[in-house]
Every structure is written in C-alpha cells, then in structure tokens.
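K.L.:
Listed below, chain by chain, are the residues.
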Amino acid sequence: MARIGVFVCHCGENIGRTVDCAKVAELCGQVPGVVHSVDYKYMCSDPGQQMVKAAIAEKGLTGVVVAACSPHMHEKTFRRATAGGGLNPFLCEMANVREHCSWIHEDRDAATVKAVDITKTIVEKVKRNVPLSTIRIPVTRRALVIGGGIAGIQAALDIADGGREVILVEKDPSIGGHMSQLSETFPTLDCSQCILTPRMVEVYQHPRIKLYSYSEVESVEGYIGNFKVKIRRKARSIDEDKCNGCGACTKTCPNKKIPSEFDCGLGKRTAIYVPFPQAVPNLPTIDRAKCLLFMNRAKGRPDTCKKCAEACSKEAIDFDQVDRFVTEDVGAIVVATGYQLYTIGKDQAKPNIKGYGEYGYGTIPDVIDGLQFERLASASGPTSGKIQRPSDGKEPKRIVFLQCIGSRDPQKGMDYCSKICCMYVAKHTMLYHHKVHDGQATVFYMDIRAAGKGYDEFSRRAIEEEGARYIRGRVSKMWRDGDVIKIQGFDTLAGEPIEMDADMVVLATAMRPQPGIDSLAQKLSVSYDQHGFINEAHPKLRPVETNTAGVYVAGACQAPRDIPDAVAMASATASKVLGLFANEMLEREPTVARVDESSCAGCFHCERVCAYGAVEHKEIKDRAGNVLRVIAYVNPGVCQGCGTCQATCPSKSVELAGFTDEQIWSEIQALGV
Amino acid sequence: MTELRELARRLLSEGTVNAVLGWEEGPRGARPAFVTTPDGADRLIFDPRCVHDLASYLSPRRPHLKKLGKVAVVLKPCDARAVAGLIRETQIPRENVVLVGVRCGGVLADPESTAPLSETTVADRCRGCPDREAKLADHVVGTAGAGFPGPSRRAQKIEELAAMPVDRRWDFWQAELSKCVRCHACRQVCPLCFCERCMADKSLPRWIESSPHARGNIAWHITRAMHLAGRCVDCGECERVCPEGIPLGLITRKIAQVVSDRYDFRPSDDPAVPAPVGTYRMDDPQEFIL
Ligand SMILES: Cc1cc2nc3c(=O)[nH]c(=O)nc-3n(C[C@H](O)[C@H](O)[C@H](O)COP(=O)(O)OP(=O)(O)OC[C@H]3O[C@@H](n4cnc5c(N)ncnc54)[C@H](O)[C@@H]3O)c2cc1C
Ligand code: SF4
Ligand code: SF4
Ligand code: SF4
Ligand code: SF4
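Top to bottom, those sequences are chains A and B.
Residue 492 in this note's numbering is what sits at position 492 of the first sequence, and the numbering runs on without skipping anything.
Residue 6 in this note's numbering is what sits at position 6 of the second sequence, and the numbering runs on without skipping anything.
Hints were generated in silico from the structure; no laboratory data involved.
Some clues are possibly wrong.
[Unchecked claim] Residues from chain A shown here face chain B by an in silico Cβ test under 8 Å; the list is partial:
1. Asp107
2. Arg108
3. Ala601
4. Phe604
5. His605
6. Arg608
7. Val609
8. Pro650
[What the hints assert, rightly or not] Residues of chain A clear of chain B, computed beta-carbon distances all greater than 12 Å:
9. His10
10. Met51
11. Arg141
12. Tyr214
13. Gly357
14. Lys394
15. Met446
16. Glu457
Built from N, CA and C at the ideal position, the CB exists for glycine as well.
Just chain A, same shape as in the assembly (with noise of 0.2 Å):
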C-alpha cells in the first residue's frame, strides 16, 4: 500500500497570497494512500526539508510531494531531502502550484481547488513511482577541439594545461582562423599576429596536443564520454615526416598568380603554398585544382610539371598521396568552427539570402570588404600596410564604410546584429587617420553598439579625436563614375538625403556561419538556428554546452563573437571539458528510454527518430545461437531522455522510466477528465 507525504509550501506569499494552502493540505490529506499532509511557510528552507525527513521516518512513507515551485528550481533540493531521510530520491515528485498556479490566477477560490488538482495528479504519479538508480558510464578523458581559430586554440590549450589529452582538427592548412588575418585589434590597438602567433607555437609544441591541420571530422559515433570520431586528412602532398619547412618548393613554382585566400584575393600566392609566414604547421600544401601537374592528370594528360619535387632536397613531396583516415576515442567535443563573410553579390549559398544589387552586387572593384582592409592594414599583407585600392594601387584620400551589409536586414535573410562591426569600423577609421593623414574617413551608421569593456570610448575616440566623420543613415545607391564612387543615401539625424564622392569603400559585412556547418552538426546530432549558428543549450544559464552531452560550443560559432568574448566562451569550454574529466565514471540521471523487449516489434521508428542516435539493434537469439528477433535497445549513456520515441512508437514498447505511460496516464486519470 502506497503510504504518501504532501508538503505544501506557501512560498512565503509567492504561492500564500493566491492559495490557501492548509485548505490544499487538508483537502490533499483525503486522497486514499495519502497519510501525511502538511503546509508550510518555506519548504525549501532547513527546517522545512527536516519536515519532509522526519515524516518519512515517523510515517514510514513511500513517497513523497512536494507541493511548490516548478521542479526545475528545486526538485534537486527535495530529491536530497527525501534520499536524506532513507528514501530513494526519485520517489519524490514535484506539484507546481506557483508557476503553473499561484502567479498565473487572481481567484483565490479556484486557484485553491486547481492546486489541490495539480497535486493529486502528481500523488497518483508517485504511487506508481518505482526506485531508480543513477546511471554510471565510463569516460574516455580525451578531448576533440574542432576548428583552429583562436577560439579552438584557446580551448585546446586550456584543457591541455588542465592536463588531458586534446586532439585538434583544423580543416585548413593552418591554425589561427581569421585572427592572424587581422591587423591590430580593438579595443587596444595591439598587433594581432604578435598575440595569437605564440599561442599557436604553443600549440603545436604542447605535449598533449594532436594536430590535425588539413584535416575534416568524417563521422562521429558514440556518447558524452565515449565517442570515436574519424578523421580525414586530406592529402597534402606532402610527407610531414620529411619535410623540413625550408621553402625551396614554394619558390619554384612556376604557378604564381593564383589569388591569396589569406590575403582575401588582394594578394597572390603560388599552387604549392604555405599559407602566410607564421603558418602552423609550417609546411607546404599543394592545391591540386591549381597544380599543373594534377590539372593535366585530371585530363589524363601525362605528368609534366614536378619542379616542387625537384626543388625539395628531402624527396618529401609525394604527388600520390591519398586522404588518409585516422580514428580517436574521445570524451567530450569543442566545437568552434567560427565564421564568414557575408557577400554581397548574386549568387548566394541559400535561397532565402540575398546580394546587394543597389550595389552592384560586388562588381566595383574598389569596394571591398572588412577582411580585405584588414590584410590592406597589416604590416605583412599585401601591401606592406600601406592603403592602396585595389584597382590601381592609388592612396584614398576619401574612404567610407558601411556598417551593416546584410546585418539587421530581414531582407537579405539576416536579421541579427553582427555584433562585432560597429567596433572594428571604428578600428578601421583610426588605422587609417594613422596611415592617411591628409584622408577623411565617413562612417554610414545604424546604430554604434559599442557595448564592452574600454569599447564605446574607444568608439568615441575615432570620432572625437581621429576625425571621423559618422553619418547616421544609410547608403540606398552606389555606383563607379571614372574612378570615383558615386555614393547616394540618406542622412537619418539631418532628414536629407545625401550624396557623396568616395575613392574606396569598405563594407562591414555580416558574420555568418561556416559553410558546411550543418552537415557537421548533424553528425553531432547539434542544433543549429536558422542562419546555421550552433544552438546554445540554454541563452543564459548552459551557454557553452549545446543539446547533445559532452559536446561544446566556443566562438564564432555559435553567434558573431569577437576576441574576448571567443576566448571567454573557450575557456568556458574548457573548464566544462576538465569538469567532466575530473571523474572516471560519469552519472547520468536515470530518465532515459527503456525497451520493453516482449512487444517491440523491431520496426526502428523509434531509431530514425531518435535526434541523439540512442537506440541500436538487439538480437534476441535461442539457446544455439539462432537470431529470433531483432529489436530495439536504448543505450543508456546516449539516451537524452526527449521522449520521442516514447511518443512515436506504434505499440508502445519504448518508455521514459520516471514518465511511464502509466504515470503519465494515471495523472491525467487524477483530474477526473
């Protein structure tokens, strides 16, 4: 026989001002199998939890309600309580007579009887409760950090020095993302190579640091602790072993006026390259769809140009290398795979994103975006960091920048803000005023978001004492006329329109996701937003774990980020990756599904429904090893405990232990509907 304890709490007057809870007590105290039920001003308080204790003692009962705030505030706090008094904790359920109650009605009359309601329900769920046990999993203490941005470097390097394992997958030939692209950096103007270079030395001399630059996650199997990921490491053509970084290769090749991708286009680079001076690792890589010799392989022509391979003293380029495949176990996931560029011109990746056509989709040649100033800017870029336009080489002596290309625009299929432009706009006018000294820099503004530590002086430093100009409006028109730009738009502070010469411009275009984002978080079984952003497991409470246990987000990502906040995020990370490794055995609440393995069916809805790839194939087999069925199994360490497949499945074979149908079902049952 069921011997239940109700506590009904007044939560001071959260609950007490709506509800009478003595009524709720003593109207409670009636339901058969109910024999303890009392009201109280704080339940939650120690005097309150020694109630709950020492009536289970006293009345020997079998559960326990707590009748008060939703589970999510204390559940936690009661299921203690309740172990703490001799019982197990999952035989005490939460009644939430505030929330769904007390701060939802003004009757006082009908708020009593529909917390009476509310509590019956959940003394006949816990009647039919059963004690459950936390389930524990072993981890594997290695960690995967994919992208090597400075938000994937920060994270490695963190959990690295907390002293694990971490395997590091960056797809392009180098570490460092697009931060060893900038110039100097807001909001203190230090140089960014002389910041991040030393942090990937680091990296790559860490002794527990694996690098895989060039290299793609493939797939990823398995559950927080214990996933296995393979990676493909896409050929170099050349052998790592051998290679001693000394450039000869890169020098002879004949191939040499293919667009920099480091330098945004505004420099060249050869077919077999190293990325920029700094590069980690230092070693070379052939573009095969650039290479001679592989683009008269392709046409079946025979192997002409080997010039790098003659060039190479230690015989380490290999023109038949193949990707190469490699497996890890790991634990836990960073991911943090940062950003593009938006682009303004026709063609886009996504039909709901859209170009600039009032700015000629892209075609004037002396509009360029905030990456290309940047490398414009750098001491090591193309120009040796003096500003010249790319059409002919000329100083501009009038430059305007746009803030928001594609940001805060619905029509252009982004309507968020990319958070990190107002800054580095202002950044940009102040690296030109130093360069520049006779040119006059114009701002096109929306708003200045210059939210930050030391950011919105800085922001009124370019203005107030670097001279730019700052016009609140927007550019409607932009054309070439000669070799100026013709600028027509609308002061928004003045009420007029406006038109304008300008001898370059330089777009702030929006941050958006990398490509091929989402077929990496579907291996990862992650959400993302409608832009491709990595979902955050909850906006302000669980902002660097996503939906799926043991995986991570950092940087830019998950939202447009800038330095501080990529790094803060990865460190973040890192300390929820050393947590997670601070035990050998991992506990998992015990909510997850179970097969009931008489009835399944072996149909495998319940498997193609499954968001966390939780349910795997069971045989049931005879005494001599005949196969008779195969049916469902629910991994316990992978369960997320969503309840889909509860809810999918035809014959009712698979349940939530904890929200059995029958719990659920007597629940319902209680409200008399």
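Position chain B with the ligands relative to chain A; hints supplied.
P.N.:
Just chain B with the ligands now, kept in the frame of chain A:
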C-alpha cells in the same frame, strides 16, 4: 500460368526454397496456397481473382511461415510495395525470400466472383494503378492486361468528403465507425500491422477502449490511420475483410494523399526509399511548430 508453375517447380526441386506461397483454386474462388513439393506446383494459379495480399504471411509474427525456412512468394505490384515496407522496417531480410512477380492488369473486387474482369467488376483501387510488374522481384512471369484508367470512385468520394462542412463529415464518419464491431480483422490482414503486441491490446494503460462503442471506435480508427500514414500500400485488404463494410480505404487513401502532398512520399516497391516517419529534410513543412 505454366511459366509460374515451371518456375515454382524449379525453385522447389532445386531446393532454392522450401515453400512457394501463391494462390490456388478453392471451393469458393481463388485462395492462398502453400506449396511445399515440386509436384504441388501445378496447383498454383494466377488470374484476376487473386486479390489477397500474400505479403501479410511474411510478417515474422506468422509462425507457420517461419517454420518453413526460406520461401518464395508470388506478388502483384501492390503486394511488392508491402514487401518493400517489411524490408524497410527491418521485418524480413531481403535475402531470406525469393520474390516472384506476376504481371498484373488489375484484379476483381471479389475473389469469389466468376465474372470476367471489366470496367464494372474491377477492384476500385486498381483504377489508375500505374504498376504492371514488381521491380523488386527476383523473377517476373506472365502477361498483363492494359490496366484501368483512374480516377477511382474512391478518389471522387474523398473529394466529396473534403468539400463537406466539418460537422457533416463528422456525422458521416460517426455513422460509419459506429458499425465497427472491433473484430480487428482489418489489423490482422494488414501486411504492415505487424506489431508483436498492438497498442490496442495494451492494458496498462488501456489507450483504446476495447468494447465496440463510439469513443473506443474513433480512437481505434484514428490510431490505425496514423500508424499507417506513409506506410499503407493500398492493397485494399482491410476494406475487403471488414465484415461491416466500413470504407476504410477512404481513410488510408486520404492520409496517403496528405503524406504525398506534404512530404513527397508515395509507397514504392523500393525498400531503399526512406519512410516519412523519422525522415527529416531541411525543407519539410513545419508551420505547425509555433
Ligand atoms: C574585419 C574584421 C575585423 C575584426 N577585428 C577584430 C578586432 O579588432 N578585435 C576583436 O576582438 N575581434 C575582431 N574581429 C572578430 C574576430 O575575427 C573573431 O572574433 C575571431 O576570429 C573568432 O574566432 P573563432 O575561433 O571563433 O573563429 P575563426 O577565426 O573563424 O576560426 C575558425 C577556425 O575553424 C576552422 N574550421 C571551420 N570549419 C571547420 C571544420 N568543419 N572542421 C575543422 N576546422 C574548421 C577554420 O578554418 C578556422 O581556422 C574582426 C572580424 C572581422 C571580420
Ligand atoms: S518503435 Fe517501438 S516497436 Fe518499433 S523498434 Fe522501437 S520500441 Fe520496438
Ligand atoms: S528518449 Fe528515445 S528518442 Fe529521446 S534520446 Fe532517448 S532513445 Fe532517443
Ligand atoms: S475489420 Fe471492420 S469491424 Fe473489424 S475492427 Fe476493422 S473496421 Fe472494425
Ligand atoms: S491499411 Fe489496408 S490497404 Fe493499407 S496496407 Fe493495410 S491492409 Fe493494405
């Protein structure tokens, strides 16, 4: 017919299979037959009276077939779609069955009928059926008639129902479903109702009231319709066996139409085409998610 019998004889005498499942002449028209010896192959027939969907026998829940080991089964194009469904939903390994397709130009509404196949006697579901032979089959035998053009009367009735005001439609279904005696013949005959234990038989909790009365009947038929959404192959068996003559095809076809319009899925005899349940596509309509 000789072609079919020859093939069956060969499969049995060479030991490729232990039984051939087809149709034979019975006391009241055509009926399903299990042939286990080469000589028995002469019993096999195929003509427009062979309406039964033999795929139902392949479900692992049918013990008599399980005992026989590897079998061959004779299939019309619609039956092949059911076999594909069973393979897709991991009920039978493809390599465990030999599939013998028979070319089909439509069947009669009634296996006991002696009337020749004509515009008036053909099963309504065969009107507009585009398939003449099963692509999934290992062997294909026979010749097929030209088939019958659509639309079926049923399709017209579905349109008529859709055009009705909601309360009149509700009245129509109330009246039809109140006839249901809950014999569950529709479930037993369905090749895709293969659950080990149907949720309608579950008692803890009892999801669906088991006695034939309005509430339970509606719950049963809504559940059946939902469980067959994107899975029903239109073999017509449920409607044929219903002792109360309830037009079950109107329900299954309406749902099939919705699945086809919204998720671009039609049951085919290709088991590799993923079923709509559990298939997620980026462009799936999802305006119902608030
Ligand atoms: C014009 C401009 C100026 C800026 N100036 C400043 C500034 O002054 N100060 C400041 O704080 N911030 C600035 N920023 C922002 C700064 O660039 C970002 O905050 C920072 O680079 C984010 O780092 P990240 O590691 O998240 O992403 P990224 O730098 O984009 O790095 C991501 C890395 O992941 C790799 N990757 C991507 N996909 C995969 C995959 N599938 N598998 C493996 N690897 C993958 C990429 O190759 C890349 O190396 C500026 C940005 C722009 C556009
Ligand atoms: S959906 Fe249900 S019947 Fe089908 S495999 Fe899963 S648990 Fe078994
Ligand atoms: S409850 Fe079911 S669907 Fe959800 S994660 Fe667990 S097994 Fe997958
Ligand atoms: S066969 Fe007819 S009467 Fe029997 S359960 Fe099905 S619909 Fe009802
Ligand atoms: S629901 Fe009816 S028509 Fe559809 S597959 Fe089952 S028996 Fe055949």
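K.L.:
With reference to the structure, classify each hint as holding or not holding.
P.N.:
Each hint tested on the structure:
Given the 8 Å rule on beta carbons, the hint for Asp107 (chain A) is violated: about 28 Å separates it from the nearest Cβ of chain B. For Arg108 (chain A), the shortest C-beta to C-beta distance to chain B is roughly 32 Å, which exceeds 8 Å, and the interface hint is violated. Interface hint at Ala601 (chain A): satisfied, since its Cβ lies 4 Å from the closest Cβ of chain B, which is below the 8 Å cut-off. Hint status for Phe604 (chain A): holds, given a least beta-carbon distance of 5 Å to chain B, under 8 Å.
Taken as an interface hint, His605 (chain A) checks out: its beta carbon lies about 5 Å from the nearest beta carbon of chain B, inside 8 Å. With its C-beta approaching chain B no nearer than about 2 Å, Arg608 (chain A) sits inside the 8 Å limit, and its interface hint holds. Look at Val609 (chain A): its Cβ gets to within about 4 Å of chain B, closer than 8 Å, so that hint holds up. Hint status for Pro650 (chain A): holds, given a least beta-carbon distance of 5 Å to chain B, under 8 Å.
Even its closest Cβ contact with chain B, about 34 Å, leaves His10 (chain A) beyond 12 Å, as expected for a residue assigned away from the interface. Listed as a non-interface residue, Met51 (chain A) keeps its Cβ farther than 12 Å from every Cβ of chain B; the least gap is roughly 33 Å. Distance check on Arg141 (chain A): its Cβ is at least 33 Å (rounded) from any Cβ of chain B, clearing the 12 Å threshold; non-interface status holds. Remark: the non-interface label on Tyr214 (chain A) is consistent with the geometry, its nearest Cβ contact in chain B lying 29 Å away (cut-off 12 Å).
Non-interface status of Gly357 (chain A) relative to chain B is upheld: no Cβ of that chain comes within 12 Å, the nearest being about 26 Å off. Every Cβ of chain B is farther than 12 Å from the Cβ of Lys394 (chain A); the closest lies at roughly 46 Å, confirming the non-interface assignment. Under the 12 Å C-beta cut-off, the non-interface status given to Met446 (chain A) relative to chain B holds; the minimum distance is some 30 Å. Distance check for Glu457 (chain A) against chain B: the nearest CB is about 43 Å away, which clears 12 Å, and the non-interface claim stands.
Comparing the model with each earlier hint shows violations of hints 1 and 2; every other hint is respected.
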